[in-house]
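What follows is each chain in one-letter form.
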Amino acid sequence: NAGVTQTPKFQVLKTGQSMTLQCAQDMNHEYMSWYRQDPGMGLRLIHYSVGAGITDQGEVPNGYNVSRSTTEDFPLRLLSAAPSQTSVYFCASSYPSGGYTFGSGTRLTVV
Amino acid sequence: AQKVTQAQTEISVVEKEDVTLDCVYETRDTTYYLFWYKQPPSGELVFLIRRNSFDEQNEISGRYSWNFQKSTSSFNFTITASQVVDSAVYFCALSEGNAGNMLTFGGGTRLMVKP
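Chains as they are written, first to last, in the numbering used here: chain A, 57 to 167; chain B, 1085 to 1199.
Since the hints were made in silico from the structure, they are not lab data.
Built from N, CA and C at the ideal position, the CB exists for glycine as well.
Take the hints with a grain of salt, since some may be wrong.
[Stated by the list, open to error] Listed next, with one range per pair, are the computed distances between beta-carbon atoms:
hint	chain 1	residue 1	chain 2	residue 2	range
1	A	Ile110	B	Thr1115	20 to 30 Å
2	B	Asp1139	A	Ala138	35 to 45 Å
3	B	Gln1167	A	Leu135	39 to 49 Å
4	A	Val68	B	Thr1115	37 to 47 Å
5	B	Asp1139	A	Thr71	25 to 35 Å
6	A	Met83	B	Asp1139	17 to 27 Å
7	B	Ser1145	A	Thr126	32 to 42 Å
8	A	Ser140	B	Thr1115	33 to 43 Å
Working from the sequences, and respecting the hints, build out all of it.
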């Protein structure tokens, strides 16, 4: 089915480890973004991209890197995992001014 | 900066009751978009509605209805004759016209519908 695919669905990391959360969409959407969801705080924007080769920071970018080499892919890199990065991560894509399609989420625990 | 407030953190109703979820937003833009998403216990985010700032018409979709009032900066969501399957966390979100379509979310309202 067309949509946004996130991998992995679950991940446990040790403090200081690095990893990449993968996100791919097959709807040819220009816009992609990463959000984190913490209890009682809704979703907060980490990084976003309005097209291939263009990225920008959101509300909570520290500790994360992104790149957008293709329209389809928008990976999120954790450089040195910290317990404060324990969260559920959602990737989303959309056309300009369209409603977002979200992936199913990645539940990350940093111990 | 934009902000979305969902003052009700948790609501509990009995099946078949009507329930309204409140959403108040702040923005300096004249062009913006408002959204509601549903997050059931399974965790995915389900898109419910998108409304632009120039369209204040209320919307009805089955048992769901939305009331958009620019005068009070509110975009409330009503479920009529609630059902157990409506139990979920509901998020209101705002996207400003020139913000690359990025969403600012409220904190969410957890709705529990009891049989």
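Tested hints:
For Ile110 of chain A and Thr1115 of chain B, the Cβ-Cβ distance of about 21 Å falls inside the hinted range of 20 to 30 Å, so the restraint holds. Between Asp1139 of chain B and Ala138 of chain A the C-beta distance comes to about 43 Å, which sits within the given range of 35 to 45 Å. For Gln1167 of chain B paired with Leu135 of chain A, a C-beta distance near 45 Å keeps the hint of 39 to 49 Å intact. Taking 37 to 47 Å as the suggested C-beta distance range, the pair Val68 of chain A and Thr1115 of chain B conforms, at roughly 43 Å.
Checking the proposed 25 to 35 Å range against Asp1139 of chain B and Thr71 of chain A shows it is violated: the Cβ atoms sit about 48 Å from each other. For the hinted restraint 17 to 27 Å between Met83 of chain A and Asp1139 of chain B, the CB-CB distance of approximately 25 Å keeps it satisfied. Between Ser1145 of chain B and Thr126 of chain A the beta carbons are some 35 Å apart, a value that agrees with the proposed interval 32 to 42 Å. The hint said 33 to 43 Å for the Cβ distance between Ser140 of chain A and Thr1115 of chain B, and at roughly 35 Å that hint holds.
Checked against the numbered hints given earlier, the structure breaks only hint 5 and satisfies all the rest.
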